[in-house]
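Chains as they are written, first to last, in this note's numbering: chain A, 1 to 406; chain B, 1 to 406.
It cannot be assumed that every hint is accurate.
[What the hints assert, rightly or not] Covered stretches of chain A, going by a simulated chain B footprint (3 or more residues, C-beta under 8 Å):
| id | region |
| --- | --- |
| 1 | 43-55 |
| 2 | 69-77 |
| 3 | 81-89 |
| 4 | 94-107 |
| 5 | 379-386 |
[What the hints assert, rightly or not] Distance condition first, Cα-Cα at most 27 Å in a straight line; then the derived DSS-like pairs of lysine-lysine:
| id | chain 1 | residue 1 | chain 2 | residue 2 |
| --- | --- | --- | --- | --- |
| 6 | A | K128 | B | K63 |
| 7 | A | K63 | B | K63 |
| 8 | A | K56 | B | K91 |
| 9 | B | K56 | A | K91 |
| 10 | A | K122 | B | K63 |
| 11 | A | K63 | B | K128 |
| 12 | A | K387 | A | K188 |
| 13 | A | K91 | B | K117 |
| 14 | B | K117 | A | K117 |
No lab work stands behind these hints: they were computed from the structure.
Even glycine gets a Cβ: it sits at the ideal position worked out from N, Cα and C.
Chain by chain, the residues run as shown.
There are 2 protein chains.
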Amino acid sequence: MALIVQKYGGTSVGDLDRIRNVAERVARTFDQGNDVVVILSAMSGETDRLLDLAGKITPFPDKREVDMLVSTGEQVSVSLMAVTLQSMGYKARSMLGHQAEILTDNRFTRARILGIKASRIKALLAEKHIVIVAGFQGADANGDITTLGRGGSDTSAVAVAAALKADKCEIFTDVDGIYTADPNICSKARKLERISYDEMLEMASLGAKVLQIRSVEFAKKYDVPIHVRSSFSEEEGTMVVYEDANMEKVVVSGVTHNKNEARITLSKVPDRPGIAMQILEPIAEAGIGVDMIIQNTRAGNLTDLTFTVPKSDFEAALEIEQKIAEKIGAEDVVGDKNIAKVSVVGVGMRSHSGVASKMFAALAAENINILMISTSEIRISCVIEEKYTELAVRTLHTAFGLDESI
Amino acid sequence: MALIVQKYGGTSVGDLDRIRNVAERVARTFDQGNDVVVILSAMSGETDRLLDLAGKITPFPDKREVDMLVSTGEQVSVSLMAVTLQSMGYKARSMLGHQAEILTDNRFTRARILGIKASRIKALLAEKHIVIVAGFQGADANGDITTLGRGGSDTSAVAVAAALKADKCEIFTDVDGIYTADPNICSKARKLERISYDEMLEMASLGAKVLQIRSVEFAKKYDVPIHVRSSFSEEEGTMVVYEDANMEKVVVSGVTHNKNEARITLSKVPDRPGIAMQILEPIAEAGIGVDMIIQNTRAGNLTDLTFTVPKSDFEAALEIEQKIAEKIGAEDVVGDKNIAKVSVVGVGMRSHSGVASKMFAALAAENINILMISTSEIRISCVIEEKYTELAVRTLHTAFGLDESI
């Protein structure tokens, strides 16, 4: 009937009983007449256990060897799953990344997929095998094992689905779909039936941890419909698909928040060409990612520059900037870890105006001060004081009409 | 100076401290100016842990999937070893079976090596890397992972040494060499300085568990000198090499024993051509290996046929023969599990006569009855009652002058 790729995360295959549950779900899908390819993560905790071993030897183990090490986790999962399906009477076969011809670059621990041939998978499907592919891993042109970064199994699943031109890519996880906001802080959050790739990309990068960003980029590029759903229930989850006319009618699809950033401000910087580069290049060289950047002009040929970095890199970034400030003659450097970013996301913004002012008004009505603003075509983000995060999310959720079912 | 292949077993890499010890030993060998290739087993207990997982799913898991599963054990060892050596400042690189181009047939769980290209190993050695290869595993022509059976890492080591034309293959294990008899039952047993491939083959197949038989066959075929030694001391162990004139001066090199067989006798079998085949073929078809076979003629065109099988297959073999006996009209089938085989081994037998009679006389002097006899060019084996095993080994050890140092 259809060719379906199913991905199950580490919690779903955490022990032999759970592996059995997943096997039964896979078998049901197969019994309905579908061809099935299963992508698995390592049993939960296994990747951390292995990283821990290497970390006990040296704080910065060689990344090629780390990939060699941690990729065993998925290898164990796929073989146990194949054995389980076989014990239930099904033809099943496990495949590693290099066996499934998942070719990547050689950026170990965060490799990117360059292509998938999948000829063996196709041959096995033609013989009515259930094929079980190790997620998270591939091989570079030398045949060295690479891994795709945390959450990389999502990308494996979408990439395999794209290579096979699968009808559907189901991502089974421990949540039951994508929500209009985090249900833990917004009780009126609703599960979305559908969301566009672009919205999902904005939501993923803003802190909704359901899908690896790279997998959504892949899905958009190769037009792979993703179905995010729970491995612990039969309920439908959320479809991630190309946007359609219906989606554009809704102005805002979701409200997200992110407490993992901190901001650094250099004030009274002598304003001359190239000054932003001088301030930010050393941060990039230290391998620290900068998210938002804002520059204001002051009187007297002076300027203030503010940017945000991950909280975990805050101290390192602050130290760098203190040296820079001295060098370029800035008056002061201040940092603030107690911030949060709240955002509204929706493809409807492309055709609706007034979203920003509505957002600012809603926050102002609750006396929430806006510290920074940034926007994209389908997103508006405000940095606020961290303590207002939950209130801001609930306020915006209500203000944009997300509380009621549509 | 030299190209040295070193193999370390599971006990030697059982935890991070032991891996560090091995790394230091490897580093010393490298610092002496040698090129070093290291072959590792899985950390002790790991292979059993993984087999146990599969065994909990089904008693007879698919062998391809078992190999996929257990081969992760060696993968973890080699990556941790590479990280350890790197943390000590050495250039090190781990390699899996398929990366080292160890091509095998597709008899999963007991594959045989067909060839090794080892081009990547050579390239890395040329760049002064220490290369760490996963033992026990290879890949078949399809790229599926295969394993070489228990003790297969020995064979990996010898095969890699052969492919690289290494000067030496050192097998580090938890014993310090090959002994003239099992020191646990014969306190006068001595460690041998040298032993020939042929003697080692006879000793290995007779129950001395130090080296996998296949590795010795490989070493003989490709003229790879093996040095069996302890990973817990610096002492020299035993060299396994081609026989030379000195070895032939010694009539018997060692005394071995084996308590893992049982015998089955069919008595008063009508003697006609093809009768042995009728009796033994069903045993082979059941996958049971037969070791010794003896046929005696009786009066009246009747014959008795006795053979030995592994103790673990005794009940199955007995059941098969009870049916056969009925079919061919044999009078009786009797089995006996309380037997043992003691053997004397030595290439000197080729040029010395009287070894057999000396052996029989020595056993007779202790009132030990001989139940079966079999011989090869360099070995004489006697089956005796199990309870006499230790006495027989000590008696023969003394009778053939092995007690004193030579």
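Against the structure, the hints:
Here the region 43-55 of chain A counts 3 residues with a CB under 8 Å from a CB of chain B, which clears the bar of 3, and the coverage holds. Counting residues of the region 69-77 of chain A whose CB lies closer than 8 Å to any CB of chain B gives 5, which reaches the minimum of 3, so the coverage claim holds. Given as covered by chain B, the region 81-89 of chain A passes the check, having 5 residues with a CB less than 8 Å from a CB of that chain where 3 are the minimum. Three residues within the 8 Å Cβ limit are the bar, and the region 94-107 of chain A against chain B gives 4, so the coverage statement holds.
With 0 residues having a Cβ less than 8 Å from any Cβ of chain B, the region 379-386 of chain A misses the three-residue criterion, and the hint is violated. Note on K128/A and K63/B: the hinted pairing holds, with a Cα-Cα distance of about 20 Å set against a maximum of 27 Å. Using a Cα cut-off of 27 Å, the hinted pair K63/A and K63/B is violated, with the two alpha carbons roughly 32 Å apart. Between K56/A and K91/B the CA atoms are separated by roughly 19 Å; this keeps the pair inside 27 Å, and the hint holds.
As the CA atoms of K56/B and K91/A are separated by approximately 19 Å, the hinted pair is consistent with the 27 Å bound. Between K122/A and K63/B, the direct Cα distance comes to roughly 22 Å. Compliance with the 27 Å bound is thereby established for this hinted pair. The straight-line distance between the Cα atoms of K63/A and K128/B is roughly 20 Å, inside the 27 Å bound, and the hint therefore holds. Taking the CA atoms of K387/A and K188/A, the gap is about 20 Å. The hint holds against a cut of 27 Å.
Between the alpha carbons of K91/A and K117/B the distance comes to roughly 33 Å, so the proposed pair goes past 27 Å and is violated. Restraint check: the Cα-Cα separation between K117/B and K117/A comes to about 25 Å, which is no more than 27 Å; the hinted pair holds.
Checked against the numbered hints listed earlier, the structure breaks hints 5, 7, 13; every other hint is satisfied.
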